[in-house]
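Novice: As you go down the protein sequences, you meet chains A and B in turn. The numbering used here applies: residue 1 is where the first sequence begins, and numbers increase by one. The numbering used here applies: residue 98 is where the second sequence begins, and numbers increase by one.
Worth flagging that the hints you see were computed from the coordinates, not collected in a lab. Among the hints, erroneous ones may be present.
What the hints assert, rightly or not - Sample of chain B residues lacking proximity to chain A, with all beta carbon distances greater than 10 angstroms (derived): (1) Ser129; (2) Glu135; (3) Asn142; (4) Gly267; (5) Asn331; (6) Ile341; (7) Ser345.
What the hints assert, rightly or not - EDC-like, lysine to aspartate or glutamate: derived pairs with alpha carbons at most 20 angstroms apart: (8) Lys231/B to Glu39/A; (9) Lys58/A to Asp22/A; (10) Lys293/B to Glu213/B; (11) Lys24/A to Glu50/A; (12) Lys7/A to Glu252/B; (13) Lys103/B to Glu179/B; (14) Lys231/B to Asp43/A; (15) Lys190/B to Asp263/B; (16) Lys24/A to Asp61/A; (17) Lys3/A to Asp192/B; (18) Lys231/B to Glu35/A; (19) Lys3/A to Glu253/B; (20) Lys234/B to Glu35/A; (21) Lys7/A to Asp242/B; (22) Lys228/B to Asp43/A; (23) Lys218/B to Glu160/B; (24) Lys7/A to Glu32/A; (25) Lys7/A to Asp137/B; (26) Lys103/B to Glu168/B; (27) Lys234/B to Glu39/A; (28) Lys7/A to Asp100/B; (29) Lys103/B to Asp284/B; (30) Lys24/A to Glu39/A; (31) Lys3/A to Asp137/B; (32) Lys234/B to Asp43/A; (33) Lys231/B to Glu50/A; (34) Lys103/B to Glu277/B; (35) Lys7/A to Glu253/B.
As the list claims (entries may be wrong) - Below, a sample of chain A positions facing chain B; criterion: calculated Cβ distance under 10 angstroms: (36) Glu35; (37) Gln36; (38) Ala37; (39) Tyr40; (40) Arg42.
Glycine included, C-beta positions come from ideal geometry on N, C-alpha and C.
Listed here are the chains, written in short residue letters.
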Amino acid sequence: MTKPTEKLELFEVFVRSKRGLDHKHVGSLHAEDHEQALEYARDCYTRRSEGVSLWVVKSSDICASQEDDADCFYDPNDDKPYRHATYYVLPEPVNNM
Amino acid sequence: MSDAIKAATLEYATRLGDDSVVLGHRISEWVSYGPFLEEDIAYGNVALDYIGRARMFYTYAAELANDGRTEDDFAYMRSDREYRNLLLMEMPKGDFAYSQVRQLFADVYYTLVLPELLQSKDETLSAIAAKGIKETKYHLRRSRDWVLRLGDGTEESHKRTQKAVDALWGYTHEMFDMDETEQMLADAGIAVDVSKLRTAWHKMVSDILTEATLTVPEDGWAVRGGRTGYHTENLGHMLTEMQIVHRSHPGCQW
Chain A
1 MTKPTEKLEL FEVFVRSKRG LDHKHVGSLH AEDHEQALEY ARDCYTRRSE GVSLWVVKSS
61 DICASQEDDA DCFYDPNDDK PYRHATYYVL PEPVNNM
Chain B
98 MSDAIKAATL EYATRLGDDS VVLGHRISEW VSYGPFLEED IAYGNVALDY IGRARMFYTY
158 AAELANDGRT EDDFAYMRSD REYRNLLLME MPKGDFAYSQ VRQLFADVYY TLVLPELLQS
218 KDETLSAIAA KGIKETKYHL RRSRDWVLRL GDGTEESHKR TQKAVDALWG YTHEMFDMDE
278 TEQMLADAGI AVDVSKLRTA WHKMVSDILT EATLTVPEDG WAVRGGRTGY HTENLGHMLT
338 EMQIVHRSHP GCQW
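This is chain B alone, in the form it adopts within the complex:
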């Protein structure tokens, strides 16, 4: 592996790890606040899937970095400006409809991204994708189900779900952006060219929203910046909570 490819793969694995850990943490904020016990357990399981996925990406990133850092350093010792996650993942949990709409957007995204990543020439990334594909199949089943129930539910649930769709739509464009780093890796057969996936994502999401009697928003405003470290105000607060125990007791073992 050339130095340039190695450095880019490290950056790529970190980005994908950041997406997973941030979304996983946001979902975990529902634990003990779920609408009822069964859903609480089920959604908590999804959070665990994402945190497990983050660990795999970070472990690989640490291996590539080879500078003594571990997966924990990637998760707990970087500030918000060093995080490279997509903005969609860091948005606060909001109400239940908001979380499920975000989940649907993410699940459809991974439904398209992971089979591509499975084809990666990088064996580690491909292996992580293989595990993620199975998880995502189940995640999408759940979030699709919820968006249908809530969108085509009561007047109140419909209103809240539509509001969430409209509020989050502008954060979805960034998911399909490519930059130099990812383009170089895509050309080398390592990274996924996400710019080719927007049409399929739009079609899948639109079909589900329409079935849920919801309106698919027009593409208008778009917010970007996650991949370059320019985040919304939400990430700093989230990381403070996520990192405080690790940072308060450096090197603590139990």
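Isolated chain A, as found in the complex:
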């Protein structure tokens, strides 16, 4: 007998914890479709006031970078500090950058 979850899709869950903040990846879950995934996300990830907004995305729709690509993706940036915005002094009200 196949387990029920083997027939279900895997979804990634993103929660916005309060207005003004980005949605953050919090985990994944199984569901039949987007609608059901959203309901389960509500039950599994937001029951203790963790969020004001939810996104669910099919895991299979996420195109992820590969470990093998790390060299060409990230290393070339390390010696170019002028690309970083850390030299700018941010005004007080911008506290979530």
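Fit chain B to the given chain A structure using the hints.
Specialist: Same frame as chain A, now just chain B:
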């Protein structure tokens, strides 16, 4: 508040508390038996909503009784003959289709009852209804979804869901009965006149069942008795399990 109204409100709050605690306990029987983890957690949350609602009704009942009893005494120290819940709520959990059909019948009922209770002149009952309305909106979304999936699913799921609809239909008539106590409270603007809600309930449920490719049963047999303490054989067994810890260790604190 006159003595007669007070006594009737105590009875009414107890009835509504009994409906909630019994259904909440039945749903909780699915915890760790859900078809998969996500559903297990989700349905367990619904059980918690109902048990929370029962606590609010019982706390109010205890306040009206003012005889030293607490919410726990209402839940754990009364026998099945003293319970006043609707029979639908006490039916065993059955298979998953059976539980979801019962849930749909209950959720549609509360979708209609709670907005009426919100209008109650009794502020406590109205406040409990306000909280329940939000919960019920979500509960109905879930049970409607499941009945559609199961009814319009596989041959097996369709068969089981139709069987559940047919088995439970006769227990739904009692939900719309009024007796002297509730009529007096309804006249006083405190209780909901549930007899006026059957048409709307029938319409909402029929639309969902039809969409789920299920057949709406003819009204035929009907079982009644929950509000007068005449229960099915199922409630006694359920209460035994629900009450044993409290009764084995009277007054225990932890």
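Novice: Now, for every hint given, state plainly whether the structure supports it.
Specialist: Quick rundown of the hints versus the structure:
1. Against chain A, the non-interface label of serine 129/B holds: every CB pair exceeds 10 angstroms, the least being about 15 angstroms.
2. With 10 angstroms as the threshold on Cβ separation, the claim that glutamate 135/B sits away from chain A is violated: the shortest Cβ distance comes to roughly 4 angstroms.
3. With a cut of 10 angstroms on Cβ distances, asparagine 142/B falls inside the contact zone with chain A, its closest approach being about 5 angstroms.
4. For glycine 267/B, the requirement that its beta carbon stay farther than 10 angstroms from each beta carbon of chain A is met, with the minimum near 30 angstroms.
5. For asparagine 331/B, the non-interface assignment is confirmed: its Cβ lies about 27 angstroms from the closest Cβ of chain A, beyond the 10 angstroms cut-off.
6. The Cβ of isoleucine 341/B sits about 29 angstroms from the closest Cβ of chain A, beyond the 10 angstroms cut-off, so the non-interface label holds.
7. Against chain A, the non-interface label of serine 345/B holds: every CB pair exceeds 10 angstroms, the least being about 31 angstroms.
8. Between the alpha carbons of lysine 231/B and glutamate 39/A the distance comes to roughly 15 angstroms, so the proposed pair stays at or under 20 angstroms and holds.
9. Restraint check for lysine 58/A and aspartate 22/A: satisfied, since their Cα atoms lie roughly 19 angstroms apart, inside the 20 angstroms limit.
10. With a C-alpha separation of about 11 angstroms, the suggested pairing of lysine 293/B with glutamate 213/B holds against the 20 angstroms cut-off.
11. Under the criterion of a C-alpha separation no larger than 20 angstroms, the hint pairing lysine 24/A with glutamate 50/A is consistent with the structure, at around 11 angstroms.
12. Our distance criterion of 20 angstroms between C-alpha atoms is met by lysine 7/A and glutamate 252/B, whose separation comes to about 17 angstroms.
13. The hinted pair formed by lysine 103/B and glutamate 179/B meets the criterion: a straight-line CA distance of about 19 angstroms does not exceed 20 angstroms.
14. About 15 angstroms separates the Cα atoms of lysine 231/B and aspartate 43/A, which keeps this hinted pair within 20 angstroms; it holds.
15. In summary, the hint linking lysine 190/B to aspartate 263/B is supported, as the alpha carbons are separated by about 15 angstroms, within the 20 angstroms threshold.
16. With a C-alpha separation of about 17 angstroms, the suggested pairing of lysine 24/A with aspartate 61/A holds against the 20 angstroms cut-off.
17. For the hint linking lysine 3/A to aspartate 192/B, the alpha-carbon distance of about 17 angstroms falls within 20 angstroms, and the restraint holds.
18. At roughly 19 angstroms between alpha-carbon atoms, lysine 231/B and glutamate 35/A fall within 20 angstroms of each other, so this suggested pair holds.
19. The straight-line distance between the Cα atoms of lysine 3/A and glutamate 253/B is roughly 17 angstroms, inside the 20 angstroms bound, and the hint therefore holds.
20. For the given pair, lysine 234/B sits about 15 angstroms from glutamate 35/A by alpha-carbon distance, which is consistent with the 20 angstroms threshold.
21. Simply put, lysine 7/A and aspartate 242/B have alpha-carbon atoms about 18 angstroms apart, close enough for the 20 angstroms limit, and the pair holds.
22. Proximity of lysine 228/B to aspartate 43/A is assessed by CA-CA distance (about 17 angstroms); at most 20 angstroms being required, the pair is judged to hold.
23. Straight-line distance between C-alpha atoms of lysine 218/B and glutamate 160/B comes to about 17 angstroms, which keeps the hinted pair within the 20 angstroms bound.
24. A C-alpha spacing of about 8 angstroms is found between lysine 7/A and glutamate 32/A, which places the hinted pair at or below 20 angstroms, so the restraint holds.
25. Taking the CA atoms of lysine 7/A and aspartate 137/B, the gap is about 17 angstroms. The hint holds against a cut of 20 angstroms.
26. Proximity of lysine 103/B to glutamate 168/B is assessed by CA-CA distance (about 17 angstroms); at most 20 angstroms being required, the pair is judged to hold.
27. This hinted pair checks out: lysine 234/B and glutamate 39/A have alpha carbons roughly 12 angstroms apart, not beyond 20 angstroms.
28. The hinted pair formed by lysine 7/A and aspartate 100/B fails the criterion: a straight-line CA distance of about 60 angstroms is larger than 20 angstroms.
29. A hinted pair counts as satisfied when its Cα atoms are at most 20 angstroms apart, and lysine 103/B with aspartate 284/B qualifies at roughly 14 angstroms.
30. A C-alpha spacing of about 17 angstroms is found between lysine 24/A and glutamate 39/A, which places the hinted pair at or below 20 angstroms, so the restraint holds.
31. Pair hint lysine 3/A plus aspartate 137/B holds up; C-alpha atoms about 15 angstroms apart against a cutoff of 20 angstroms.
32. Between lysine 234/B and aspartate 43/A, the direct Cα distance comes to roughly 14 angstroms. Compliance with the 20 angstroms bound is thereby established for this hinted pair.
33. A hinted pair counts as satisfied when its Cα atoms are at most 20 angstroms apart, and lysine 231/B with glutamate 50/A qualifies at roughly 18 angstroms.
34. Proximity of lysine 103/B to glutamate 277/B is assessed by CA-CA distance (about 14 angstroms); at most 20 angstroms being required, the pair is judged to hold.
35. Note on lysine 7/A and glutamate 253/B: the hinted pairing holds, with a Cα-Cα distance of about 16 angstroms set against a maximum of 20 angstroms.
36. Interface restraint check for glutamate 35/A: the shortest CB-CB distance to chain B comes to about 7 angstroms, inside 10 angstroms, so the restraint holds.
37. Because the beta carbon of glutamine 36/A sits about 7 angstroms from the nearest beta carbon in chain B, less than 10 angstroms, this interface hint is met.
38. At its closest, the beta carbon of alanine 37/A sits 9 angstroms from a beta carbon of chain B; the interface hint therefore holds under the 10 angstroms criterion.
39. For tyrosine 40/A, the shortest C-beta to C-beta distance to chain B is roughly 4 angstroms, which falls under 10 angstroms, so the interface hint holds.
40. Annotation: interface hint on arginine 42/A holds; nearest CB of chain B at approximately 8 angstroms, less than 10 angstroms.
The structure fails hints 2, 3 and 28 (numbered hints given earlier, in ascending order).
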